[in-house]
Amino acid sequence: MPTLTRQRVLTLDFRARMFGYVVFEGPRTLLDWGVRTYVSGERLILEARVSNLRSMFAPSVILVRKPAEAYQLRQPMIRPALHSLTIFAKRLLITMRIIDHSTLRRYFSMDLEVKKYDIARMVADRFPELSWRLPSERKIWESEPTRQSIFDAASLGVFYFALEFEERPIVTQASG
Amino acid sequence: MPESSAQSNQGRVENYLRTHRIKAGLGQHEIGRLFGYKREGPVSRHERAKALPSLRIAIAYEILFRTPVSKLFPGVKKDMQGIVERRLLQLEGELQKKTAKGNEARRIAQKLAWFSERRNIDN
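Protein sequences, first through last, are from chains A and B. Its first residue numbered 1, the first sequence is counted upward by one per residue in my numbering. Its first residue numbered 177, the second sequence is counted upward by one per residue in my numbering.
Be careful, since some hints might not be right.
Stated by the list, open to error - Straight-line Cα separation of at most 25 Å, SDA-like style, residue types lysine to any residue; simulated pairs:
{"no.": "1", "chain 1": "B", "residue 1": "199", "chain 2": "A", "residue 2": "58"}
{"no.": "2", "chain 1": "B", "residue 1": "247", "chain 2": "A", "residue 2": "6"}
{"no.": "3", "chain 1": "B", "residue 1": "247", "chain 2": "B", "residue 2": "209"}
{"no.": "4", "chain 1": "B", "residue 1": "226", "chain 2": "B", "residue 2": "186"}
{"no.": "5", "chain 1": "B", "residue 1": "253", "chain 2": "A", "residue 2": "29"}
{"no.": "6", "chain 1": "B", "residue 1": "254", "chain 2": "A", "residue 2": "28"}
{"no.": "7", "chain 1": "A", "residue 1": "115", "chain 2": "A", "residue 2": "125"}
{"no.": "8", "chain 1": "B", "residue 1": "254", "chain 2": "A", "residue 2": "53"}
{"no.": "9", "chain 1": "B", "residue 1": "226", "chain 2": "A", "residue 2": "53"}
{"no.": "10", "chain 1": "B", "residue 1": "226", "chain 2": "A", "residue 2": "93"}
{"no.": "11", "chain 1": "A", "residue 1": "115", "chain 2": "A", "residue 2": "146"}
{"no.": "12", "chain 1": "B", "residue 1": "247", "chain 2": "A", "residue 2": "28"}
{"no.": "13", "chain 1": "B", "residue 1": "226", "chain 2": "A", "residue 2": "34"}
{"no.": "14", "chain 1": "B", "residue 1": "199", "chain 2": "A", "residue 2": "118"}
{"no.": "15", "chain 1": "B", "residue 1": "254", "chain 2": "B", "residue 2": "236"}
{"no.": "16", "chain 1": "B", "residue 1": "199", "chain 2": "A", "residue 2": "53"}
{"no.": "17", "chain 1": "B", "residue 1": "226", "chain 2": "A", "residue 2": "92"}
{"no.": "18", "chain 1": "B", "residue 1": "199", "chain 2": "A", "residue 2": "144"}
{"no.": "19", "chain 1": "A", "residue 1": "115", "chain 2": "A", "residue 2": "127"}
{"no.": "20", "chain 1": "B", "residue 1": "247", "chain 2": "A", "residue 2": "60"}
{"no.": "21", "chain 1": "B", "residue 1": "253", "chain 2": "A", "residue 2": "55"}
{"no.": "22", "chain 1": "B", "residue 1": "253", "chain 2": "B", "residue 2": "233"}
{"no.": "23", "chain 1": "B", "residue 1": "253", "chain 2": "A", "residue 2": "5"}
{"no.": "24", "chain 1": "B", "residue 1": "287", "chain 2": "B", "residue 2": "276"}
{"no.": "25", "chain 1": "A", "residue 1": "90", "chain 2": "A", "residue 2": "42"}
{"no.": "26", "chain 1": "B", "residue 1": "254", "chain 2": "A", "residue 2": "60"}
{"no.": "27", "chain 1": "A", "residue 1": "90", "chain 2": "A", "residue 2": "52"}
{"no.": "28", "chain 1": "B", "residue 1": "226", "chain 2": "A", "residue 2": "36"}
{"no.": "29", "chain 1": "B", "residue 1": "226", "chain 2": "A", "residue 2": "48"}
{"no.": "30", "chain 1": "B", "residue 1": "247", "chain 2": "A", "residue 2": "5"}
{"no.": "31", "chain 1": "B", "residue 1": "247", "chain 2": "A", "residue 2": "58"}
Please keep in mind that the hints were generated in silico from the structure rather than gathered at the bench.
For reference, chain B alone in the conformation it holds in the complex (with noise of 0.2 Å):
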């Protein structure tokens, strides 16, 4: 039976609305038609995460399935927490480097100050 190594390979699952949508019982044309859609294409297309859905889309499906759009989309919220979280951390050493006076400087300390208190509470 599994041992680890056969889990080690496990990939991530990009969206989970086939898995919400097939639990409710409903097709993805009556999606379609609750979101305005003409056809059941642009539900399929998120389902298997050919394409994103726009923002007021993706707000629907949380409505509809009443859970929130981060657990419906744990790829997309996985892949934007890395570049985000990168960046982040980008800015705050650019910021560490930087030279200023006065206002600027207070500015700057202010921005620093944020990203530790920012850093408690993610701990």
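Bound conformation, chain A alone (with noise of 0.2 Å):
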């Protein structure tokens, strides 16, 4: 049986039509990171993605970070196709588990008014293997990079193996 540091954690970021995921050895490796295309109601093709990670890396958890409600209002095939992902993980009997956005960012803003970009910064900084692909802070009338997605899943992971540990990482805001 793997010991807490050395379990494996599949994290996702779930949109329409795409997903951004990291892969965790522990809390301090990363194993893979990146961004999946998936057809919207095409369960299979989703399916695929997620076992081809999962045949590579085999993990214990999978967690996946579930949408605002106003993003899966505009998105409505977004409901099914985290409904297919669930049954499918309990199929293969891999522990899922949703993790709603508003936890994650509750955990992480503690008093502060923080933003994803923050978020990011925070996980960049604790693997600098992610951070060439930090973003730039996101303006008001900018589209979120796709990237952006991969740091919303380590957060998912950083959140995870924090609550296990018990530790919380700081997050600052930027400074300008």
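Two independent chains are provided; combine them into the complex using the hints.
Next up, the structure:
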């Protein structure tokens, strides 16, 4: 049985038509990360993408970041996709947890008003191998870059292991 | 959050090639070029454990990532460890049952001593 420090966890930041993923081996090691696309409504393609990651890294837990309610309303295909992923994980006997985006935001923000970018910066500081993929801070009129999804997935893993090891990562606000 | 039962179904990772490659920021085509392949296909197959690299390429991976082959391919190591240890036990059993005289007996004794020495190193 793997110890918690070597536990392999696959974290997914689920969006319509794509998901960002990060594979953790314990709290300090990343095995893989990236973005995968799928066709909305094509359950088999989504399953194949996740199954591919599962066969390569054999995680014991899959964590999924549930998008905001407003996003789910804008993208109605996301609910059935999430549902089919849950059934898929059940079929493979993998523990899957769905964590609400607001839980994550609340956890990282403490009393401060932190943005997604601040959390991404904290993730990049913790895992320097990701820092070259850190997007610049988004302006209000810009759309979110695809690679932000990797950092959202990574923050899920940081949250999971932080709860396990009872440590709280420090997120600071970007200056200026 | 996780419980021990969640950890028990963790499988094994066949190799850490992809992890090392993306940490370096290298593409499969670049590694393919370094190893003298025309395309990235063989590198992709090694990463997905669809094919095992030749000894020369395995050593090339070791040199490239500065990590021993056995650490790059823990799956292969585990497989071979199981097979070799099982066969060694079998061979040791067969030698212990054998009866011989003179030179042959000394040779068997030498082998059995080596088996025991090897076990002591492991412990």
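Right, here's what the structure says about each hint:
{"no.": "1", "hint": "199/B with 58/A", "verdict": "holds (20 Å)"}
{"no.": "2", "hint": "247/B with 6/A", "verdict": "holds (15 Å)"}
{"no.": "3", "hint": "247/B with 209/B", "verdict": "holds (23 Å)"}
{"no.": "4", "hint": "226/B with 186/B", "verdict": "holds (20 Å)"}
{"no.": "5", "hint": "253/B with 29/A", "verdict": "holds (21 Å)"}
{"no.": "6", "hint": "254/B with 28/A", "verdict": "holds (24 Å)"}
{"no.": "7", "hint": "115/A with 125/A", "verdict": "holds (16 Å)"}
{"no.": "8", "hint": "254/B with 53/A", "verdict": "holds (21 Å)"}
{"no.": "9", "hint": "226/B with 53/A", "verdict": "holds (14 Å)"}
{"no.": "10", "hint": "226/B with 93/A", "verdict": "holds (24 Å)"}
{"no.": "11", "hint": "115/A with 146/A", "verdict": "holds (17 Å)"}
{"no.": "12", "hint": "247/B with 28/A", "verdict": "holds (18 Å)"}
{"no.": "13", "hint": "226/B with 34/A", "verdict": "holds (21 Å)"}
{"no.": "14", "hint": "199/B with 118/A", "verdict": "holds (22 Å)"}
{"no.": "15", "hint": "254/B with 236/B", "verdict": "holds (21 Å)"}
{"no.": "16", "hint": "199/B with 53/A", "verdict": "holds (17 Å)"}
{"no.": "17", "hint": "226/B with 92/A", "verdict": "holds (21 Å)"}
{"no.": "18", "hint": "199/B with 144/A", "verdict": "holds (24 Å)"}
{"no.": "19", "hint": "115/A with 127/A", "verdict": "holds (19 Å)"}
{"no.": "20", "hint": "247/B with 60/A", "verdict": "holds (21 Å)"}
{"no.": "21", "hint": "253/B with 55/A", "verdict": "holds (18 Å)"}
{"no.": "22", "hint": "253/B with 233/B", "verdict": "holds (16 Å)"}
{"no.": "23", "hint": "253/B with 5/A", "verdict": "holds (22 Å)"}
{"no.": "24", "hint": "287/B with 276/B", "verdict": "holds (13 Å)"}
{"no.": "25", "hint": "90/A with 42/A", "verdict": "holds (19 Å)"}
{"no.": "26", "hint": "254/B with 60/A", "verdict": "holds (19 Å)"}
{"no.": "27", "hint": "90/A with 52/A", "verdict": "holds (16 Å)"}
{"no.": "28", "hint": "226/B with 36/A", "verdict": "holds (20 Å)"}
{"no.": "29", "hint": "226/B with 48/A", "verdict": "holds (16 Å)"}
{"no.": "30", "hint": "247/B with 5/A", "verdict": "holds (18 Å)"}
{"no.": "31", "hint": "247/B with 58/A", "verdict": "holds (17 Å)"}
Of the numbered hints stated above, none is contradicted by the structure.
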